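Enquirer: Sequence:
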Amino acid sequence: MKIITIFADRLFAFQYDDEEENELDRLLNLWHDTEYLYDFMKQNKADLPANKSVNKIVSQIIRNAEDIEDKLVELSENENKNLAAFLKPLYNHEYNEVNLSKQKGRKNYLRIYALRIENNLFVITGGAIKFTLLMEEREHTANELIKIERCRNFLRENGVMDADSFFEFLIELQ
386 MKIITIFADR LFAFQYDDEE ENELDRLLNL WHDTEYLYDF MKQNKADLPA NKSVNKIVSQ
446 IIRNAEDIED KLVELSENEN KNLAAFLKPL YNHEYNEVNL SKQKGRKNYL RIYALRIENN
506 LFVITGGAIK FTLLMEEREH TANELIKIER CRNFLRENGV MDADSFFEFL IELQ
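So in my numbering, the last spot in the sequence shown is 559, and the numbers never skip.
Treat the hints with care, as some may be off.
In the DSSO-like style, the derived pairs of lysine-lysine whose C-alpha atoms are separated by at most 27 Å in a straight line are [stated by the list, open to error]:
{"no.": "1", "residue 1": "K487", "residue 2": "K387"}
{"no.": "2", "residue 1": "K456", "residue 2": "K492"}
{"no.": "3", "residue 1": "K427", "residue 2": "K492"}
{"no.": "4", "residue 1": "K387", "residue 2": "K427"}
{"no.": "5", "residue 1": "K387", "residue 2": "K456"}
{"no.": "6", "residue 1": "K456", "residue 2": "K441"}
{"no.": "7", "residue 1": "K441", "residue 2": "K466"}
{"no.": "8", "residue 1": "K487", "residue 2": "K532"}
{"no.": "9", "residue 1": "K387", "residue 2": "K473"}
{"no.": "10", "residue 1": "K441", "residue 2": "K492"}
{"no.": "11", "residue 1": "K437", "residue 2": "K532"}
{"no.": "12", "residue 1": "K466", "residue 2": "K437"}
{"no.": "13", "residue 1": "K427", "residue 2": "K437"}
{"no.": "14", "residue 1": "K532", "residue 2": "K456"}
{"no.": "15", "residue 1": "K466", "residue 2": "K492"}
{"no.": "16", "residue 1": "K456", "residue 2": "K466"}
{"no.": "17", "residue 1": "K492", "residue 2": "K532"}
{"no.": "18", "residue 1": "K492", "residue 2": "K473"}
{"no.": "19", "residue 1": "K487", "residue 2": "K466"}
{"no.": "20", "residue 1": "K430", "residue 2": "K492"}
{"no.": "21", "residue 1": "K437", "residue 2": "K487"}
{"no.": "22", "residue 1": "K427", "residue 2": "K532"}
{"no.": "23", "residue 1": "K427", "residue 2": "K441"}
{"no.": "24", "residue 1": "K466", "residue 2": "K430"}
{"no.": "25", "residue 1": "K487", "residue 2": "K473"}
{"no.": "26", "residue 1": "K430", "residue 2": "K532"}
{"no.": "27", "residue 1": "K441", "residue 2": "K430"}
Please keep in mind that the hints were generated in silico from the structure rather than gathered at the bench.
Just so it is clear, the structure is predicted and the values come from calculations on it, not from any experiment.
Work the whole structure out from these sequences, hints included.
Expert: Laid out in structure tokens, this is it:
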């Protein structure tokens, strides 16, 4: 498992050993791949909103992926803006800001999952297309819960608890 810099000192992403890309790049590429999206819609037909056609949902997902990318760039490049404006606690009832807490960024059906290391410092662990209320309801979103917990444990096991220990760990990984 590697940690890849997305935007210096603010946003990072895990790259898993069995993947060629970091999680942010992998997700954005998938969410722009119409063949993948149509296959996903077929496999999750029962979960699709009844009032929208598959074509509209696919088009919306592609636009939303572009919006997510633009938002992350905007928040990362402007020092006066905080990534927490996009990445919120994973569970809506969480209000405390805790280091290594689970976070999500969302745009309609798309989710980016991350760990908050400290204020304005996040590591993306994965993401999903989510049509159901609870992550546990579908295998692909339940797997994201497993990934985010695995990443949090990985960081804890390597002594990461805040920004200083995170950057020290990154130096050790090189």
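Enquirer: Now look at each hint and say whether the structure bears it out.
Expert: Structure-based check of all given hints:
no.	hint	in the structure
1	K487 - K387	holds, 19 Å
2	K456 - K492	holds, 10 Å
3	K427 - K492	holds, 21 Å
4	K387 - K427	violated, 33 Å
5	K387 - K456	holds, 24 Å
6	K456 - K441	holds, 22 Å
7	K441 - K466	violated, 32 Å
8	K487 - K532	holds, 11 Å
9	K387 - K473	holds, 24 Å
10	K441 - K492	holds, 15 Å
11	K437 - K532	violated, 31 Å
12	K466 - K437	violated, 34 Å
13	K427 - K437	holds, 14 Å
14	K532 - K456	holds, 24 Å
15	K466 - K492	holds, 18 Å
16	K456 - K466	holds, 11 Å
17	K492 - K532	holds, 20 Å
18	K492 - K473	holds, 12 Å
19	K487 - K466	holds, 20 Å
20	K430 - K492	holds, 20 Å
21	K437 - K487	violated, 31 Å
22	K427 - K532	holds, 24 Å
23	K427 - K441	holds, 14 Å
24	K466 - K430	violated, 38 Å
25	K487 - K473	holds, 8 Å
26	K430 - K532	holds, 25 Å
27	K441 - K430	holds, 14 Å
Of the hints listed earlier, those the structure fails to meet are numbers 4, 7, 11, 12, 21 and 24, in rising order.
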